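Participant: These are the residues of each chain, in order.
Number of protein chains: 2
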Amino acid sequence: MDPSKISLPELKNLTTDNITDNVHLINTHNNPSPRLSYILDRLVTHLHDFARETRLSTGEWMAGIQFLTQTGQICTDVRQEFILLSDILGLSLLVDSMDHPKPTNLGVTEGTVLGPFHTHEAEHMGFGSNMSQDTEGEPLLVICTVKDTKGNPIEGIKIDIWETDSTGHYDVQRPEVNHGKPDGRCVMTSDKEGNFWFKGIVPVSYPIPHDGPVGKLLVKLGRHPWRPAHMHFMFEGEGWDRLITALYVRGDPYETTDAVFGVKDSLIVDINTVTDEAMAKQYDVKVGSKLLTYDFVLVSEQESSALRNERAKAALEKLGRRVKIVEGLPVPDVD
Amino acid sequence: MDPSKISLPELKNLTTDNITDNVHLINTHNNPSPRLSYILDRLVTHLHDFARETRLSTGEWMAGIQFLTQTGQICTDVRQEFILLSDILGLSLLVDSMDHPKPTNLGVTEGTVLGPFHTHEAEHMGFGSNMSQDTEGEPLLVICTVKDTKGNPIEGIKIDIWETDSTGHYDVQRPEVNHGKPDGRCVMTSDKEGNFWFKGIVPVSYPIPHDGPVGKLLVKLGRHPWRPAHMHFMFEGEGWDRLITALYVRGDPYETTDAVFGVKDSLIVDINTVTDEAMAKQYDVKVGSKLLTYDFVLVSEQESSALRNERAKAALEKLGRRVKIVEGLPVPDVD
Numbered sequence: 001m002d003p004s005k006i007s008l009p010e011l012k013n014l015t016t017d018n019i020t021d022n023v024h025l026i027n028t029h030n031n032p033s034p035r036l037s038y039i040l041d042r043l044v045t046h047l048h049d050f051a052r053e054t055r056l057s058t059g060e061w062m063a064g065i066q067f068l069t070q071t072g073q074i075c076t077d078v079r080q081e082f083i084l085l086s087d088i089l090g091l092s093l094l095v096d097s098m099d100h101p102k103p104t105n106l107g108v109t110e111g112t113v114l115g116p117f118h119t120h121e122a123e124h125m126g127f128g129s130n131m132s133q134d135t136e137g138e139p140l141l142v143i144c145t146v147k148d149t150k151g152n153p154i155e156g157i158k159i160d161i162w163e164t165d166s167t168g169h170y171d172v173q174r175p176e177v178n179h180g181k182p183d184g185r186c187v188m189t190s191d192k193e194g195n196f197w198f199k200g201i202v203p204v205s206y207p208i209p210h211d212g213p214v215g216k217l218l219v220k221l222g223r224h225p226w227r228p229a230h231m232h233f234m235f236e237g238e239g240w241d242r243l244i245t246a247l248y249v250r251g252d253p254y255e256t257t258d259a260v261f262g263v264k265d266s267l268i269v270d271i272n273t274v275t276d277e278a279m280a281k282q283y284d285v286k287v288g289s290k291l292l293t294y295d296f297v298l299v300s301e302q303e304s305s306a307l308r309n310e311r312a313k314a315a316l317e318k319l320g321r322r323v324k325i326v327e328g329l330p331v332p333d334v335d
Numbered sequence: 001m002d003p004s005k006i007s008l009p010e011l012k013n014l015t016t017d018n019i020t021d022n023v024h025l026i027n028t029h030n031n032p033s034p035r036l037s038y039i040l041d042r043l044v045t046h047l048h049d050f051a052r053e054t055r056l057s058t059g060e061w062m063a064g065i066q067f068l069t070q071t072g073q074i075c076t077d078v079r080q081e082f083i084l085l086s087d088i089l090g091l092s093l094l095v096d097s098m099d100h101p102k103p104t105n106l107g108v109t110e111g112t113v114l115g116p117f118h119t120h121e122a123e124h125m126g127f128g129s130n131m132s133q134d135t136e137g138e139p140l141l142v143i144c145t146v147k148d149t150k151g152n153p154i155e156g157i158k159i160d161i162w163e164t165d166s167t168g169h170y171d172v173q174r175p176e177v178n179h180g181k182p183d184g185r186c187v188m189t190s191d192k193e194g195n196f197w198f199k200g201i202v203p204v205s206y207p208i209p210h211d212g213p214v215g216k217l218l219v220k221l222g223r224h225p226w227r228p229a230h231m232h233f234m235f236e237g238e239g240w241d242r243l244i245t246a247l248y249v250r251g252d253p254y255e256t257t258d259a260v261f262g263v264k265d266s267l268i269v270d271i272n273t274v275t276d277e278a279m280a281k282q283y284d285v286k287v288g289s290k291l292l293t294y295d296f297v298l299v300s301e302q303e304s305s306a307l308r309n310e311r312a313k314a315a316l317e318k319l320g321r322r323v324k325i326v327e328g329l330p331v332p333d334v335d
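Chains A and B, in that order, give the protein sequences. Under full-length UniProt numbering, the residue at position 190 of the first sequence is numbered 190, and the numbers go up by one with no gaps. Under full-length UniProt numbering, the residue at position 316 of the second sequence is numbered 316, and the numbers go up by one with no gaps.
I should point out that these hints are in silico values taken from the structure, not numbers from a laboratory. Note that this is a predicted model, so its numbers are computed, not measured. Each hint should be verified, as a subset may be incorrect.
For chains that are exact copies, the list does not tell them apart, and a pair is met inside one copy or across any two.
What the hints assert, rightly or not - Derived BS3-like pairs (lysine-lysine); straight-line CA-CA distance at most 30 Å:
(1) K216 to K324
(2) K220 to K324
(3) K264 to K12
(4) K12 to K318
All chains should be built: construct the whole structure from the sequences, respecting the hints.
Facilitator: Quick look at the structure:
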C-alpha cells in the first residue's frame, strides 16, 4: 500500500490507560459500517476491561490464546467447539432470547439453544415416518400441532426435528453406525390443520462432547457436561419468526443443571402411553407405546421484530446509551 | 457420572436478565481455584454485557463463531493468528504493560508487543556474528549494552533477537528460502561489561500476515496491516523482569499507525553510519556501514513484582472491587 494515502489518527506511546481509546479511534476512523464500528467499540472496551479487571498475566493470556487455538482446531464439518463454548458460557441462550423475543401471556412457545448438532442433511418425511433407525431406543410416537397466538392452525411450516440415538450420540458423531446417512432427524411440513406427527425414540440424557478444550474447561470449573434428555425442533415459514426450541423429558436427573442452560418449565413434557386401541390403530403403533404430544405456538415476524426493537431501545436507554435502530440493529446515535 | 452426586445450584427458565448470575453461580460453585472463578466471572460478565449492549443478532453471533473457527484453523506451528488478533485489538500491548510495569524516571527500557514470530529455534551466537543470511538486505552493525537502573552492567543476560529479511518476512514464513533453518534471529549472552553486538540487516516495514481472518477484519475496518520497520529483543536473566521489546527505525511511514500499536518514542532509534576507521576495524565492517546502538536498562523481578501488585491494587480499588493478591494475581476478597 502507498503510505502517503494513509488517513488515520496518530498513535504512539500507548499505555494501559490510553490504549482503549486509541484502538477505538483507529477502528472507527475509516470504517464504512456504523454497526461494525459499534460492535468493535463494545468488543474492545469489554475485552480491555476484562484484562484490566483481572490484571491478566502474560501466562494467562497465552493460556487463553492456546485454548482458543485448540478450540478452532478441533472443529470439523460435524463438530463445532466454539458453539459448544458459547453454549456453556450462556451466550447462546442470551443471544437467542434477545433475537427472538416472545410476547408474554400469549402462550407463544419459548425458544432455547440450537446446539451444534443441527444439520441440513435431514430427509423430508411424510407423517407417521420413523426418523430413527436405532432398534435399541424405546419407540416414541410424537403428535404435534403448530398454531398462531389466536389458535389458528398454520399450514406449510417447515419443521426440522433432531435427537440423539439411545447411546446419546447424534448421527454425525457416529458416522460408522449409519454409514454417514442422516438418522434421528427429519424435516416435515405442517398440514392445513397445523398437524405433524412422526415416530422417534424416547430421548436420553447425554454429555456434550467433552474430550476437547470445552470439556477440559468444564472439568477445571467443577462442572459436569450433561444435558437432560430432549428433542430439538426448529420451525420456519414465511412471515413467522423462526422458532428454535426443544422439549425436555420431565424428571431427568440433569433437569436443573443443564450444561448449556437450555431448560425452561414450559418446555418440560411428560412422556405418556398410548392406551386407546383406536388411537393405536390410527397411528399404527401398539397399545402401550410411549407418546409425546405438544402444541407449538409461533409469533409473526412482524410482532417479533417490533418487540425486538422495543426491547433493544429500552435496554440501551437503561444503559444510558443513545442509539438508533438501523436495519433492526442498534448503532450509536451521533446526530 | 452419577447424577446423585451433583452438587450444583438449580438453574432453569433462564432469560436475558438472569442468565449471567446463573452462569456465575454454576462456574464458581464447585470451582477449586479462586483465580479461575474470578477470571470466569469477569469474562462471562463482559461477554454477556457485550451481547446485551450490541443486541447481538443470531447472524452476527454465527459470523463471530465462524471468524473464531477460521482463526483457529489457520494456525500452524509457525503461524499464530490468535496472537495477531490480540495484537490488532490492542490486547497484547495492554497485557504486557500490566504484567511488566516499568518504574518511571529511572530510564528503564519500555516493553512492547512480542508478536507471533518469536521462536525457540534460534542459534546461540558469539559477538560479531552475522545473524542474517539475506544478501539483499542492507548490512547493519548493532552494538548494545544491558545495565541496571543504577548504570551497572548486567552479565549473563540471555538476549533473543529477531527481525525479518529484506522482503519483510520472518524465516518461518519462508521456509523454502532458508530450508527450514533459523535465519534473521539469534541468541546472545551479555558479557561482564553488559555488552553484546552482532550483525544483521536494516529492518524494513512489512504487513502482518493478512491473507487470513485477521487481514479480512482489518479490510472491513478500513485499517492497513503494516508495521513500521523494527528489530525485536527479549531479555531474560535470573532475578530480572523479562523484557520483551523492539527498536523502531525513526521516520518510518507507518511510525504513527502501527497495525499492532507497538511504537513508543523511547524505542525509536536513528540508523547511523560507521565513520571511524578504528571502529570499523574493531568491529570488522567497512567505513560507511549502517550502525545501530542502544543501551537497554532492566528492572529487577522484585521491583517489577512490587510495582505490579501496587498498580493492580490501585486499579482495582479505583474500580471499586475488593480484592486480595494471591500468588501475584488479584482474586475477590470475600472475607
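Participant: Against each hint, give a clear statement of whether it holds in the structure.
Facilitator: Going through the hints against the structure:
1. K216 to K324: The answer is between: 27 Å across copies meets 30 Å, while 41 Å in one copy does not.
2. K220 to K324: between (42 Å within a copy, 22 Å between copies)
3. K264 to K12: between (51 Å within a copy, 6 Å between copies)
4. K12 to K318: So K12 and K318 pass the 30 Å test across copies only (26 Å; inside, 36 Å).
When held up to the earlier numbered hints, the structure conflicts with none and fits them all.
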